[in-house]
Amino acid sequence: MQDAVIDGLVTNLVVNGVEVTEYVEAELDRRHPVRVLIRSEDPADLREAAHQLHADWAATIERIRRTPGIERRSVNDEWSAVETLRHLVFVHDSWFRRCCLGSTELFTSMGIGPTVEPYCGAHGLDLALDPSLDEIVSVRDAQAAELETWLDKVTATQLAVPAPVPDDDAWPPYARGRSVRRCLGTVLNETFEHYGFCGRDLDLLEAQDAE
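With the working numbering as the guide, the letters of the sequence shown map in order to residues 1 to 211.
I should point out that these hints are in silico values taken from the structure, not numbers from a laboratory. Hints may be right or wrong, so weigh each one.
With a straight-line cut-off of 16 Å between C-alpha atoms, the simulated EDC-like cross-links for lysine to aspartate or glutamate are [to be verified]:
| hint | residue 1 | residue 2 |
| --- | --- | --- |
| 1 | K153 | D45 |
| 2 | K153 | E48 |
| 3 | K153 | D42 |
| 4 | K153 | E41 |
Here the structure is a predicted model, which is why all the values come from computation and not from measurement.
Please model the complete structure; the sequences and the hints are all you need to start from.
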């Protein structure tokens, strides 16, 4: 193996007899301290994680604005920046509003959810929409503010209880029985991971343009 790039969910990776997953995870924590906050059970740490993630995404959006049009370009058939942001709109509606708050409201129509049926385009999603970057950012800013306001008041006890997932057939079907904390973790992890994916693709697109 030479000049290999491995990017994804990696576990139990052994290189020449050495299990390297823990080394990789420790280095990722060093590079991205917010990962440690995301794993914490302390509401104060979780508030700080949400705040940092919002700030990181704000910086990425400003970076996108410096190259008009780049927000709709994709790399290797992955989501473009606007599609990634629309997916995070969906993540907030499904894993926070629905699972942490128990909301039965329809999801924000511009969101992008799973591709599997019957959840593709369901529960209020409109796959025909093509919102602008400004429209998506406005929704994401409101969602971030909603999450941070909730985190200002939530307690460790409230995080530990079973999530109040409504008894219907909306996404995510496998959330029942999970704690509020675990559902919140999905929101924070998705926000962090897609921030990394988006930054990686912007690096590649900018490098292509510079050639």
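Status of the hints after comparison with the structure:
1. K153 - D45: holds, 13 Å
2. K153 - E48: This hinted pair holds, its Cα atoms lying about 13 Å apart.
3. K153 - D42: holds, 12 Å
4. K153 - E41: Roughly 14 Å between the alpha carbons, so the hint for K153 and E41 holds.
The structure fails none of the hints (numbered hints given earlier).
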